[in-house]
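Chemist: Letter by letter, the chains look like this.
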Amino acid sequence: MPTRKEKAPEAPVLDFERPVVELQRKIATLKGRSRASSDLAREIRRIEERAEGLQRRIFSELSPWQKVQLARHPGRPYTLDYLARIIGDFRELHGDRSFADDSAMIGGIGYFEGIPVVVLGQQKGRKTKEKLARNLGMVKPEGYRKSMRLMQLAARFRHPVLCLLDTPGAFPGIDAEERGQAEAVAKSLEVMASLPVPIVSVVIGEGGSGGALAIGVADRVMMLENAVYSVISPEGCASILFRSDERKAEAAAAMKVTAPEILRLGVIDEIIPEAPGGAHRDFDATARNLAAAIRRALDELMPLSPQELKNRRYEKYRRMGAFVEAGGRDRLS
Amino acid sequence: MRDPNLAWYKRGKKEDDEPQSEKRSIPAGVFTKCPSCRQALLTADLHKNLDVCPSCDHHFAMATRDRIAVTMDEGSVVEFDHGVESMDPLGFRDSKRYSDRIKASRRSSGEVEALIALAGRIDGIEVEAGFFVFEFMGGSMGSVVGEKVTRVFERALERRVPALIFASSGGARMQEGILSLMQMAKTSAAIARLREAGVPYLSILLHPTTGGVAASFSMLGDLHIAEPRALIGFAGPRVIQNTIRQSLPPGFQRSEFLQAHGFVDMIVPRRDLKATIAHALRWLGAGPRAGQS
Ligand SMILES: [Zn+2]
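Heads up: the sequence lines are chains H and G, in that order. FYI, in numbering that gives the first Met the number 0 the residues of the first sequence are 0 to 332. FYI, in numbering that gives the first Met the number 0 the residues of the second sequence are 0 to 292.
In short, the hints are calculated from the structure, not lab data. Glycine included, each C-beta is placed from N, C-alpha and C at the ideal position.
The following label-pair restraints were derived from C-beta to C-beta distances:
#, chain 1, residue 1, chain 2, residue 2, range
1, H, Arg157, G, Trp282, 33 to 39 Å
2, G, Asp65, H, Tyr110, 57 to 63 Å
3, G, Trp282, H, Pro195, 26 to 32 Å
4, G, Pro248, H, Arg157, 42 to 48 Å
5, G, Glu157, H, Pro195, 19 to 25 Å
6, H, Glu60, G, Val69, 55 to 61 Å
7, G, Arg96, H, Pro272, 33 to 39 Å
8, H, Glu60, G, Arg96, 25 to 31 Å
9, G, Arg96, H, Asp298, 40 to 46 Å
10, H, Glu60, G, Gly197, 50 to 56 Å
11, G, Gly284, H, Glu91, 41 to 47 Å
Lysine-lysine pairs mimicking BS3-like chemistry, simulated, CA-CA at most 27 Å apart:
#, chain 1, residue 1, chain 2, residue 2
12, G, Lys95, H, Lys247
13, G, Lys273, G, Lys47
14, H, Lys247, H, Lys126
15, G, Lys102, H, Lys247
16, G, Lys32, G, Lys47
17, H, Lys247, H, Lys130
Only some residues are given here: those of chain G computed to face chain H with a beta carbon under 10 Å:
#, residue
18, Gly82
19, Met86
20, Asp87
21, Ser94
22, Val143
23, Gly145
24, Met181
25, Met218
26, Leu219
27, Gly235
One chain only, chain G, in its complex shape:
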């Protein structure tokens, strides 16, 4: 299973043929306006500050590759299952063919699918991790994402190392119909095995995590750690509004709302996220303890 050719830093030939537009969540201008405090920020300063507004602490969406780089120890990462690709099982077409949507997402995101699965170290601790790529079709979960998430859990079980999923997803991928729904069952079944075996699993909830991704492995962590103000919920706010025809309370379905109602263990600002994860993993019994290594 462990094929070094799949390592993400040695990109395969196929991807080299495609334009490498590393789409950033932040527009690439010199200045970026903070949507929260409306200050014009130097984009370069913003990136240096982990895409967090230095004046009001607004957490901008972070490009997935940047997220991996700031989370995983340098040089420790090996990527897996790079070759698992969608096959359009329904022959789905709306205004566009599903297969064309996938191609377009590959070009714009520079990734093969909406999840990057890897093994590596966090502060010296071996982990198996999955990072959702929101830039790829809204991080939606179809067969490929479900399979890759399941393999993350299965490798963690096999190696007895902690599993982490960094979720950021609009939910199930409609273009794969019922097969997408079944990925919720498949991934949750893999969690059940991890839990029985006592292998730790941390669910990291990033903006936004909704629908079938929220209603499966994301809400089944030993710990639920969220970034500030992330939207987390089962139904999207618009769907709720259309159903109940009431306006939604301020802060509804944000991290702070979930913590207040008992569904998030802690809200951690981005600059403290890696250290918090490492602390939790050590407490859960993974890797060398602080001061012992």
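Excised from the complex, chain H in its bound form:
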């Protein structure tokens, strides 16, 4: 099965993107004129500079809630879009060998720059039918049992694991509870903590709580520039703590969900830059940045022995958290 490498689809435009998009449309119209003149070229160059400046300014001042909107942008590249660009000879593998195949969790084998790897990632759908089939990227227990199975496959054959996180959260539903959603997530955490091969995880869009973390316990954890990572959705937090899900923007700000904030809290190791204007504006450029970051991580991790990897991973998570201890030991990770 050849992997798809589609172009960025025509995406809806968010409010704060509109001024730049309008300028870019104007540029496209001007460029489309048949008779080129040096005056016209100068005019185009002038508008292009304005558009770039405006974009830089808007994107440097995005609020946490605007980042959440970008992380959920319907035109944003999803797991399969990246796999098509950075994984050679990818073959998707299906099923948990016990109950079902969950298409909200992609799993497979392939080569990253020639290195055999297992790749995993939640997959949202783009069109209505696919959204439904992929359950909006909300994984059920069988999805996590598939990802665990493939991690253990990687471990047996000593290949690294790459995980792309992009989910609103593990599916909250009757069937998911019947099949042990809590156990599936919990076991995933334990399996990842003790996996004897390098694991690299990247939050590419929405890092939604335990459902994301179930493929996020890694030796190197990174976030795309406009991705978000949180313990509960801003809407969920707003409805519980702010007593209204209308206050989701406040909740997003209070929970510190953006990549720079998560980096400052010591939970991720690196932020991967996206294409100007966001990953959805240029899939290829963003995928190149992603590949470069994964390459650096694997270069560092692959020489380590299984025991070194496990010890370092343990210590990495052991340090996470912030508390004070009477007797003077203050700790902010």
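Given the coordinates of chain H, assemble chain G with the ligand onto it according to the supplied hints.
Modeler: Coordinates of chain G with the ligand only, in the frame set by chain H:
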């Protein structure tokens, strides 16, 4: 690490300054109405019966200190990590400051945080244990709870004695954001080490155990022992209802439902819980065997 000054029966100065309102899960009136059979029970009788309704067996929530007292052998308990306290890493504020919420919970619960970590004996068997304090911010797990749970597992590993967690928690503590989520990874990593070393870990599931506490160490026990009718699950019933917009089946996410679906080893009434735990620990190879001591 083993500092006798931290023993809970010798409370620190700081806590003495605060009002000692041992908040009980059962209102302190003379009579208590059972929500299940609707009988008016003498509160004193109810306590004598381990907060279980004598007529219908409804298990009331039990105050954590009472739980410790009926579980651990008398005089065997030493409490640890009493001084580990939250530092509000996000400067979180909703209608109230997080730091003020913590202060209020300390006053109302009489505890420093949502987990009590201790070492002691159960029927003569040495254990390291953590008891969730549901009375403290719904037993939610932030950095402090995650750290204390991890230390319970690490001490168990170091001493090669069984670990037990008595879970009762609404899940991760939102006010510490992503750091709360990471406590799931941290505690589960500690379990991985226990398992590799063959040190037993019993997960005791009390009402309610949901969210990030369910989806980490609580579902990673060598044995899962639940009290009757405890709510145990990943997502809260309200969240599920709002997502799927269907009514939930009767008994959904209760202990009996989990046992029927294969996620709980046994459901044990409160009066038999200590003996069952001791039996399991002996079978797992901990402490003197029955009849050998
Ligand atoms: Zn009753």
